[in-house]
Amino acid sequence: MIKVVTNNDLSEAKNAAAAVIDFNATWCGPCKMLGPVLEKISDEMAGQAAFYGVDVDENSDLAEEFSVMSIPTIVILKNGEVVAQRLGFAPEPILTEWLKSNL
Amino acid sequence: MACAEHRKGSDMERYDIAIIGTGPAGLEAAITAKIRGKKILLVGNADLSTKVAKAHAIDNYLGLPHIAGADLAAAYQKHLDSMDIQITQDRITAVYAMGDYYALQGAGTPESGMTAYEASAVILATGVVAGKTLPGEERFLGRGVSYCATCDAALYRGKTAVVIGYGSREEAEAEFLSEVADKVYYVPVYKEEVKLNDRIEIIRKKPVEIREEKLEQGRKMSVLFEGEEAPSLLVDGVFVLREAVSPGQLVPGLETSGSHVVTDRSMACSLPGCLACGDITGTPYQYIKSAGEGNVAALSAAAYLDMKRRGEA
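First to last, the protein sequences are chains A and B. For what it's worth, numbering that gives the first Met the number 0 labels the leading residue of the first sequence as 0, then goes sequentially. For what it's worth, numbering that gives the first Met the number 0 labels the leading residue of the second sequence as 0, then goes sequentially.
Hints were generated in silico from the structure; no laboratory data involved. C-beta atoms are modelled at their ideal positions from N, C-alpha and C, and glycine is treated no differently. Be careful, since some hints might not be right.
Covered by chain B, per the in silico footprint, the following chain A stretches (three or more residues, Cβ under 8 angstroms) [what the hints assert, rightly or not]:
#1 2 to 11
#2 32 to 40
#3 51 to 65
#4 82 to 91
Derived SDA-like pairs (lysine to any residue); straight-line CA-CA distance at most 25 angstroms [to be verified]:
#5 A/Lys-99 <-> B/Pro-251
#6 B/Lys-307 <-> B/Arg-35
#7 B/Lys-205 <-> B/Glu-191
#8 A/Lys-13 <-> B/Met-82
#9 A/Lys-13 <-> B/Pro-271
#10 B/Lys-158 <-> A/Ser-66
#11 B/Lys-131 <-> B/Met-82
#12 B/Lys-190 <-> B/Lys-213
#13 B/Lys-158 <-> A/Glu-91
#14 A/Lys-39 <-> B/Asp-10
#15 B/Lys-33 <-> B/Ile-86
#16 A/Lys-31 <-> B/Gln-104
#17 A/Lys-99 <-> B/Lys-194
#18 A/Lys-39 <-> A/Ser-10
#19 A/Lys-31 <-> A/Ile-1
#20 B/Lys-307 <-> B/Pro-251
#21 B/Lys-219 <-> A/Lys-31
#22 A/Lys-31 <-> B/Arg-142
#23 A/Lys-31 <-> B/Thr-149
#24 B/Lys-194 <-> B/Arg-142
#25 B/Lys-219 <-> A/Leu-86
#26 B/Lys-182 <-> A/Asp-56
#27 A/Lys-2 <-> B/Cys-150
#28 B/Lys-158 <-> A/Ala-16
#29 B/Lys-213 <-> A/Val-81
#30 B/Lys-158 <-> A/Asp-56
#31 B/Lys-288 <-> B/Met-82
#32 A/Lys-31 <-> B/Ala-243
#33 A/Lys-99 <-> B/Thr-255
#34 B/Lys-219 <-> B/Phe-139
#35 A/Lys-31 <-> B/Gly-141
#36 B/Lys-131 <-> B/Val-51
#37 A/Lys-31 <-> B/Glu-242
What follows is a set of in silico ranges between Cβ atoms, one per label pair, in the way DEER data are often shown [as the list claims (entries may be wrong)]:
#38 A/Glu-63 <-> B/Glu-191: 35 to 41 angstroms
#39 B/Glu-178 <-> A/Glu-63: 18 to 24 angstroms
#40 B/Ser-231 <-> A/Glu-63: 41 to 47 angstroms
Throw the hints in and build the complete structure from the sequences for me.
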């Protein structure tokens with residue numbers, strides 16, 4: 000499951016041991032395609048990391064804070080620290096491997 | 000809307016094989032796939048391949064000695080007509096591997112807007128992309144360089160950006176960006192007249208490099224133009240928009256080698272159900288080689304679909 004972040008409030012993700020944050024927007028084609036892929040992965044990896052979705056239109060402060068210049072961008076946080084970041088759509092096996100190698 | 004005819008209610012029509020490209024590779028793939036009884040989507044140019052049509056004469060095409068390109072193209076068209084194969088005129092901008100299927104995104108027309116298609120397998124026959132990237136472009140991708148203005152416009156509220164456009168259709172993206180950004184510059188890398196709203200500043204210079212500038216007020220991007228010793232344009236972001244995209248950009252996650260796609264002898268790419276044929280797979284760039292690979296790719300796609308149906312893929 001991917002939790003939708005509102006009001007620029009990412010405190011829960013920052014306090015989690017491991018969190019995956021998907022920066023996206025409703026008007027971005029690759030973001031829309033990435034959504035269901037990440038949703039599936041979040042179910043398969045439940046317990047290993049908490050997944051969050053950040054609409055950059057509604058949470059522009061967070062986009063600024065993480066220096067997100069392009070979307071979709073996925074950021075991995077461990078105890079609030081950024082450990083990895085990647086840009087763009089990726090097929091499920093590639094994304095799963097990347098997440099596992101960084102978690 | 001052009002995509003409406005591909006939709007059934009809310010569920011999109013699912014093709015067996017989507018073939019992208021209407022050169023010899025794509026056309027042969029379409030013909031072979033049709034013979035195998037597959038439901039195909041052939042996307043490309045209704046005028047087939049301009050490269051073939053303009054060829055003076057081809058001397059090594061089996062059975063057709065010293066044939067003019069225009070005559071070969073006419074023969075292709077006749078072959079398509081005889082098999083009732085239609086071309087969907089569109090430009091595919093992205094192919095997403097969704098796991099069970101491929102989602103194709105097309106540029107559509109100004110009237111229709113972006114289009115969308117779905118297929119169980121996909122054959123890439125888009126030819127080889129000539130253009131080179133600008134120095135700095137790949138290095139700063141996602142960190143100040145973007146390929147998608149409509150995606151990233153939201154991040155440029157109150158910021159400045161430059162759009163380097165390689166074709167007049169990119170002007171719409173600059174317009175879109177200017178609705179959000181503080182200031183937009185437009186650098187046309189083509190000769191045609193540019194029509195933009197007057198809030199966009201047009202720069203008629205040739206871009207040669209994209210740089211990162213670490214200034215006291217923060218990090219900026221800059222574009223160096225031909226004849227300049229130091230960049231004169233400072234912005235928050237640089238959008239590079241080209242007509243033709245590299246295979247790795249077209250299909251995110253695909254294994255590539257330079258401007259080519261890595262395939263095996265069955266024309267299979269690194270993603271299951273994705274095949275490639277023709278110039279996109281590498282040299283030699285020969286029409287008969289492209290057509291031959293198109294034949295192999297279609298048969299491999301058919302085999303993949305059969306395996307998938309049996310639950311083995």
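Holds or violated: A/Lys-13 and B/Pro-271, Cα atoms, limit 25 angstroms. violated, 36 angstroms
Can you tell me if the stretch 82 to 91 of chain A counts as covered by chain B, using C-beta to C-beta distances under 8 angstroms and a minimum of three residues? holds (count 6)
Are the Cα atoms of A/Lys-39 and B/Asp-10 separated by 25 angstroms or less? The given pair, whose Cα atoms are some 20 angstroms apart, holds under the 25 angstroms limit.
Within a Cα-Cα threshold of 25 angstroms, do B/Lys-219 and A/Lys-31 meet the stated pairing? The given pair, whose Cα atoms are some 29 angstroms apart, is violated under the 25 angstroms limit.
Decide if the proposed pair is consistent with the structure: A/Lys-31 and B/Thr-149, CA atoms, cutoff 25 angstroms inclusive. With a Cα-Cα distance of about 13 angstroms, the restraint between A/Lys-31 and B/Thr-149 holds, given a limit of 25 angstroms.
Within a Cα-Cα threshold of 25 angstroms, do A/Lys-99 and B/Thr-255 meet the stated pairing? holds, 23 angstroms
Quick one, are A/Lys-31 and B/Ala-243 close enough, alpha carbons at most 25 angstroms? Satisfied, since the Cα-Cα distance of roughly 22 angstroms is no more than 25 angstroms.
Can the stretch 32 to 40 of chain A be counted as covered by chain B under the rule of three residues or more with Cβ-Cβ separation shorter than 8 angstroms? holds (count 4)
Tell me if the straight-line CA distance from B/Lys-205 to B/Glu-191 falls inside 25 angstroms. Holds, at roughly 14 angstroms.
25 angstroms limit on alpha-carbon distance, applied to hinted pair A/Lys-99 and B/Pro-251: Holds, at roughly 19 angstroms.
For a C-alpha distance cap of 25 angstroms, please report whether B/Lys-158 and A/Glu-91 respect it. Answer violated: B/Lys-158 to A/Glu-91 is near 34 angstroms, above 25 angstroms.
Proposed proximity, B/Arg-142 with B/Lys-194 (alpha carbon, max 25 angstroms): violated, 29 angstroms
In this structure, the hints that do not hold are numbers 1, 8, 9, 11, 12, 13, 17, 21, 24, 28 and 40, in rising order.
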